[in-house]
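Asker: Protein chains in written order, with the numbering used here: chain A, 180 to 542; chain B, 26 to 341.
Every clue listed holds true.
Derived DSS-like pairs (lysine-lysine); straight-line CA-CA distance at most 27 Å:
(1) 60/B - 136/B
(2) 286/B - 305/A
(3) 407/A - 309/A
(4) 407/A - 286/B
(5) 136/B - 193/B
(6) 223/B - 211/A
(7) 211/A - 286/B
(8) 60/B - 286/B
(9) 211/A - 407/A
(10) 305/A - 407/A
These are calculated hints, taken from the structure and not from any lab test.
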Amino acid sequence: MHIPDGYLSPQTAGGMWALVVPAWYWAGYKVKSTFSSRQAPLVAIGAAFTFVIMMFNIPLPGGTTGHAVGGTIMAIVIGPWATVIAITVALVIQAVFFGDGGILALGANCFNIAFILPVTGYFTYKLLAKGAAPGSSRLWLVAGIGAWAGLNIAAFFTAVEFGLQGELFKAADGSALYSPYGLSTTIPAMMGPHLLVVGMIEAVMTSLVYVFLTRTNATMLNNYAGVKAAAAGSFKLKPLVVGIVLLLVCAPLGLLATGTAWGEWRTEDIHKEIGYVPEGMDHFAGRWEGFLPEYAFPKNGEVTAGETTGASEAEAPVSMPGVWKSTPAYLISGVLGLLLVSGMALMAMRLLTGKSRNKEQLG
Amino acid sequence: MADDLSTPAWMTEKGTGGCQCLSLGRARRDSAIQKTIIGMSQAIRGSVFSEQIAGRPGLLQETDPRVKTVGLLGLLVVASFLRNWYIILGLYGLTLAMAAASRISLRFFIKRVWFFIPLFAGIIALPSLFSIFRPGDPLWTIWDFGGEVTLGPWSLGTGLAITHQGLKGAVVLILRVATSVSLAVLLALTTRWADLLKALRVFLVPRIFVLILSMTYRYIFLILGLATDMFTARTSRLVGNSSPGEDRHFIASSMATLLSKSHALSEDVYSAMISRGYTGEPLTLHQFRTNRGDWLWLASILLFGAAALGSDLLIG
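Start from the sequences and build out the full structure, keeping to the hints where you can.
Answerer: Shown next as structure tokens:
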């Protein structure tokens, strides 16, 4: 699942960095508030452990071998957020020193393997383990299912990132500039082996490790719950941040949308649809363009209708220069918008409650 | 009596299990556990070797780590934007020149770069050469179907051909991957780990993250040693074969034991850090000093990058 450099366009690689940085920030915040100064040795040695077990060859039926990531079992033992940072560190060392995975592609690799994999794996486990008695055999089974789910969701994200290259980035003559296959090839090619083999290795190894720990060192499996309960405080920003991260993850989907949103027609669209432009609309249209009109950077101070919109890019055969200009602009517009809206929401909250977060923490 | 002294049959049986450290020639097939032991020792050997190269005199070794990291990563970004394969080839040539100027054996460098990752890119790109996977202008028609052939909902086109677009896409992908890997390998081979970590501060990487990275790197070797000991201890007690199922159980219990050991170790390390006065705020020493040569190197790298990007935009 480690993507090497050269397969992803700089636009995708950059976009993935923009997605993973808030995830790191959130994970860092959670780890610091849960483990305080203990975080450095815990995460560092967790990362070293992850690095080493990724080198373990596991025999598969048929005589070949594969390897596990161990993200879900790590998340059960040291918590999902410490695992995000630990796997990130392991991936950085793999990329820089062992050439496993690219350096520009680190954003994408960390998003898939260090963030999506342990977090979705852990929360699947938590969801399915609800109500199970400690030590019950359901637990090791759901740990395996969580690991299988986490790995496959991560593989799906990887497949989409690969597939977008084949769909979006082509030279003028139609030849591929990066990974050459589209989504219809990458999704089955990635998901087949991951659903059937790689995910199964992860599931079997996670369950076996879980059973072994239940028998020999059961306190470790409850370690995180204990630390978390001890560090629990009131943190009301959580739903907001979770929502924002979800929105961030979904935002690039807008690049794939074709056509115009219903009811958001420009006067040209209206003219195309019904043959004329109502007088009142014509009068008010174009009074305010915004500083990033149509989520794209203005070209030489003017915007040519239909040239810079994501919608018309998707309708026309996509050529590299168009995507080059529109994709980063779209992503930057998204991030700017998000920052503005979150900033306004925070200010409104402060004004309404009349106290800042610092005061809340001190009190 | 004589029968009792003869070697039991199970000891003379040839098997893939057991220690083959002393066996001559290649073992029929290494077991998963032996593969792991070999892989782990190669990782340790590889990083010791890298540190040796980083200690030799040479162009990149003598460049300030911060300047070098900025320059090489800048070229990596340039490589990702280029579209013309001649220009990517030029950039690849620059990496070879830099390797030679840093006294890295070119044979070693090329082998290290090309083995596996660009080779793998070639295998991945192989199907995309053919018209049935990516339609395009035929360059070499292998089989003319004589009309459009459909297979259920899929159209196979009018013939099987290697397309102009497919070939160009594959060449661009392989060259780009090889150039990117070369730049990353150059950075890793010519920079000591501790210096590279300090250089990360230029990119505003938080100090705590740098501390964690440096601790991780140190403990990787300790945990690799622990794991190798566990695997060797088991192999040394093994006579004959163990089944893949037994191996899987052994590897899982080793993982669990290692997890318990690592967790206990992190507690020990934490106590030791606290006893030395660690407060949660890491401190680092900065002892880098740039000279005129560093800036000259960076300026020429940036100039090369800008020229490559500019000509790529012009030629397309």
